[in-house]
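Chains as they are written, first to last, in our numbering: chain G, 25 to 435; chain E, 197 to 316; chain L, 45 to 529.
Hints listed in this document are in silico derivations from the structure and should not be mistaken for laboratory results.
Some clues are possibly wrong.
[Claimed, not checked] Restricting the straight-line Cα-Cα distance to at most 25 Å, the calculated cross-link-like pairs of lysine to any residue (SDA-like) are:
1. LYS326/L with ASP228/G
2. LYS454/L with GLY280/G
3. LYS117/G with PRO340/L
4. LYS269/G with GLU324/L
5. LYS404/G with THR294/E
6. LYS524/L with LEU222/E
7. LYS261/G with ARG526/L
8. LYS206/G with LYS524/L
9. LYS131/G with LEU438/L
10. LYS454/L with GLN133/G
11. LYS237/E with LYS204/G
12. LYS271/E with SER85/G
13. LYS100/G with GLU272/E
14. LYS206/G with GLU272/E
15. LYS407/G with THR213/E
16. LYS282/E with ASN109/G
17. LYS291/E with ILE96/G
18. LYS261/G with LEU438/L
19. LYS524/L with LEU286/E
20. LYS63/G with ASP442/L
21. LYS291/E with ASP228/G
22. LYS291/E with GLU324/L
23. LYS279/L with GLY78/G
24. LYS454/L with ASN26/G
25. LYS279/L with ARG298/G
26. LYS230/E with GLY78/G
27. LYS343/L with GLN133/G
28. LYS63/G with GLU272/E
29. LYS454/L with ASN109/G
[Claimed, not checked] Cβ-Cβ distance ranges computed for the label pairs, FRET-style:
30. THR225/E with HIS259/G: 29 to 39 Å
31. GLY161/L with ASP257/G: 26 to 36 Å
32. VAL420/L with PRO264/G: 51 to 61 Å
33. ASP374/L with LYS261/G: 57 to 67 Å
34. VAL420/L with ARG28/G: 36 to 46 Å
35. LYS326/L with ILE270/G: 43 to 53 Å
No residue lacks a Cβ here, since even glycine has one placed at the ideal position from N, Cα and C.
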Amino acid sequence: MNIRNVDVLIVGGGPAGLAAAAELHRQGVTDILICEREKQPGGILRQCIHDGFGLTRFGESMSGPEYADRFIREVKEAGIPLITNASVTDITKDRLVTVVTPEGLLKVQARAVVLAMGCRERTRGALAIPGERPAGVYTAGVAQAYMNLYNRMPAKEAVILGSGDIGMIMARRLTLEGVKVKAVYEIMPYAAGLPRNVEQCLNDYGIPLYLSHTVTEIHGDHRLTAVTVSAVDEHLKPIPGTEEKIPCDTLILSVGLLPENELSLGAGVTLDPRTRGAEVSEYYETDVPGIFSAGNVLHVHDLVDFVSMEAEKLARSVTRYLADGLPACGIAVTCDRSVNHTVPMRLSGTEDVMLSLRVSRPGRDVTVRVTQGGREVAAKKMKKALPAEMIQLVLKAEKITGTEDLEVTVS
Amino acid sequence: MTRDFTCIVCPNGCEITVEYEGKNVLSVTGNLCKRGEAYVKQELTDPRRTIASSVAVEGGVLPLASVRLTAPVPKEKIFDVMEEIKKIRLQAPVKAGTVLAADILGLGSDLIVTKTVKAR
Amino acid sequence: MGVLYDAIVIGGGVVGSAIARELTRYRLNCAVLEKNADVCYETSGRNTGVCHGGFAYDIGSLKGRFCVEGNRLMGDLADELGFSFERCGKVLVGFTEWDYNRLLEVIKQGEALGATGLRMIDKEELHRLIPAVEGEFAMLSENSGIIDPFGLTIAYAENAAENGCRYFLDHEVTAIAREGENWKITAGGEEFVTRWVINAAGLSCGKISEMLGIPGYRMIYSKDDYIILDERMGKLVPMPIYTVPSNLYMGIHVTRTTDGNVLLGPSAEDTMNNSWYGVEQKNIDMLYDEAMKIWPHVKRGDYIRTYSGILPKWTDENGRIQDFKIEILDDIAPHAVNLVGIESPGLTASTPIARYVLELMKAREDLQENPDFNPVRQASVRFAKLPEEEQARLIEEDPNWGELVCRCQKVTKAEILRAIHNPLGVNTMVGVKYRTRAMMGRCQGGYCQMRIEQMLEEELGLAPEEVDFNRRNAPALFGKVRDDA
Chain G
25 MNIRNVDVLI VGGGPAGLAA AAELHRQGVT DILICEREKQ PGGILRQCIH DGFGLTRFGE
85 SMSGPEYADR FIREVKEAGI PLITNASVTD ITKDRLVTVV TPEGLLKVQA RAVVLAMGCR
145 ERTRGALAIP GERPAGVYTA GVAQAYMNLY NRMPAKEAVI LGSGDIGMIM ARRLTLEGVK
205 VKAVYEIMPY AAGLPRNVEQ CLNDYGIPLY LSHTVTEIHG DHRLTAVTVS AVDEHLKPIP
265 GTEEKIPCDT LILSVGLLPE NELSLGAGVT LDPRTRGAEV SEYYETDVPG IFSAGNVLHV
325 HDLVDFVSME AEKLARSVTR YLADGLPACG IAVTCDRSVN HTVPMRLSGT EDVMLSLRVS
385 RPGRDVTVRV TQGGREVAAK KMKKALPAEM IQLVLKAEKI TGTEDLEVTV S
Chain E
197 MTRDFTCIVC PNGCEITVEY EGKNVLSVTG NLCKRGEAYV KQELTDPRRT IASSVAVEGG
257 VLPLASVRLT APVPKEKIFD VMEEIKKIRL QAPVKAGTVL AADILGLGSD LIVTKTVKAR
Chain L
45 MGVLYDAIVI GGGVVGSAIA RELTRYRLNC AVLEKNADVC YETSGRNTGV CHGGFAYDIG
105 SLKGRFCVEG NRLMGDLADE LGFSFERCGK VLVGFTEWDY NRLLEVIKQG EALGATGLRM
165 IDKEELHRLI PAVEGEFAML SENSGIIDPF GLTIAYAENA AENGCRYFLD HEVTAIAREG
225 ENWKITAGGE EFVTRWVINA AGLSCGKISE MLGIPGYRMI YSKDDYIILD ERMGKLVPMP
285 IYTVPSNLYM GIHVTRTTDG NVLLGPSAED TMNNSWYGVE QKNIDMLYDE AMKIWPHVKR
345 GDYIRTYSGI LPKWTDENGR IQDFKIEILD DIAPHAVNLV GIESPGLTAS TPIARYVLEL
405 MKAREDLQEN PDFNPVRQAS VRFAKLPEEE QARLIEEDPN WGELVCRCQK VTKAEILRAI
465 HNPLGVNTMV GVKYRTRAMM GRCQGGYCQM RIEQMLEEEL GLAPEEVDFN RRNAPALFGK
525 VRDDA
């Protein structure tokens, strides 16, 4: 089998992969190959037809396909090779990449590999929701794909479990197409998605949101006939006696996104147990040299704008890596239980860094503090902090000294 | 009187408190930017929303082209706009940006295609 | 009068399909009546998939005899029929002196049944075989293994169909009557006339037995809930891990599928309901706790699915579970082979059971061999399991081999197409899943199910609302968002 050589192989032609490719090209790296497993580039944005993308990155609001198209056009105009219908099936730690395409089995040796595979949805099976296994239990993204890409109606009367953004957006989308969305149930005492989606997707259409509730049984041996919902206590355990059986033909799940890192694991990349994404340095380099990761495969973002911007930063790091290597990153970023996770997890301390994080629980009038040996490196006061929102703050290089760990807390 | 709003203009989702008498806004607090103030004033008098949906495409590589409004329309007109969207049938190729209905239902907003669909 | 069949098998599960395949070795016009939309929708597809060694049964029982025999045959069957089978061994782990003595008894019992490769191993050897296991010692059964139960059942059925047996899916038997020298069977609103009838109805064996005029079997059912874990955990379960069995119950075990997923189960509860497959929270919790005792690596983050299966058992008046019953009552129901209480180890024992059925028939009638019978099924090719050179060659031959539809299990478009055009005429989404493993992986069809639904529509000319998910009249979808006709 012939082995093709490239400077950078990008796994995934979604928002992260496209933005990384465009920025690499701007930086003068032109020997790139993007492998996209779908028939068209754009990733999940192809089915996100709602408005609201691009405010941060482009200063205007547009739909997912329009947002993707900006990057697709730039990639095409730059002449960056992008193959679709091309599934990467293996990456070695030495960056030899196997790609299955209808034109043949490709072997590509890359100097750098960019992991931009995005994420997948948590399923009914992963939650182990009790009950039968009828037709009509869909994740929100699957329902969205059926409706917006395949022109297929997945529901007539739906209940939604989980108040993730896609779930709420699907509540509105289904309602607009005449589906009766009976309610959204959320196990946590707060909404998982953005407040504006509670407002414009649920409240606008009179769809009730029940917090501290979950689905405790699925009924139906053909198509779904009903779900039983229960209130949960503070330990998220269903409270006996609160069960209510809700007739419906469809259950839509919006219960979380998981970075899709099977290829990363195959390459020997270490994952962070909290993000389930790669453990990366400030240069978005994983612990396998030359393998980089950004976007939803690294940590699940709330906004695609941040995905693009993160991938663009990754691209600048890859450019440096190819030209003269990257500084060592020996300073670990640690966090206590108030913080769900941070990205990156390792710093060099030699230059300013944007730290992304998510809080574990909602809070009001809180301060995010980054310290090193008790000294404050950076702080950000916030009127409110929600787990649904990614918080970013800049760490100045001059505030970081030595190689001691940084600690992040929210209080 | 006061009323609380969750601003939907951007992902910040500011919680804004408005003090008002009738249609007179006395104060707006909690917004991080001016768009928030404009949003709640609009919301008090004439709440408006944009919507997105799809139209059927014949002979295309995809069965649907996504569409959206370029400006918000009164909330109570949303389902009237949906009825208009359902009537539209396009022949591939369809180009993103194409205006399908200028000033739809006289509401001051255009319906545009947001996804290019090539002919099969 | 329409077709006169020589033999009709009621039930297309693993035993019914094994019988169908054995029938096609002879010049017999035969058919299978299956009430579901596919052949492994009940007990045959809802179990642990273990190829048992044959040591856990009463001495002299058919269960023990057919299990030992079926275990010996399984390797050759896998070669002929092309389903996944690994003779990986199995352990029963123990902790106490009582356990140790019990395991010695099990070995004695197994040897009396004719099982081989049974021996005690110490803690060191146990942990060398399975580093991740708990236990002070174990009984090793070298010849035990794991089977892909969907693969085995479908392979029997397809090979039977290739050799001329007709499959009638969605044909639930509603009446059976003796008509002269023949049987008249009403199924799916149609009438079938046959000389021989074979009751391989599994969970419905009692009902069919009564229809044949053989009443009196007391049936109870054992409902088994299971949890499936991510296939990345499979390397920690090189072989099934069982606890020391009591007389009645094999206990919770931790096993692995031939595709690497780990199974925790079964919950094993007696019930009189033979059609409710709901998994219960209390069982999910219990399976976690029990499995952790022998394999302390269960993490809820690795759950990918739960399922439930039901075993049919027949008991005496004291509730004691009985051996397989395979009988012909010439006086009451001539030319009717009645199989009752075929439960575990039915998967392992399927071919010996089928051969026994044929022996009973041959004792009453001369059967002529079918010279055209081909025991070798054209194996279903699994792209993901092929070496790269072979993968490259297939793609060159047909680009559909180079289009991955299911990302988790690496299933290609060529495999999906083959499954859609299966010889049995199964046309459900789950039918594609059982044949290819698409949608069985950790994303549970999040990536591929839309493509598969679309291919079913296109390949079979179905409208969106005509594509059923698992059973007939279980539509996946309700038509189109925008009419594009």
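* **Unsatisfied constraints (hint numbers, rising)** => Of the numbered hints, 1, 3, 5, 6, 7, 11, 13, 16, 18, 21, 22, 23, 27, 28, 31, 35 do not hold.
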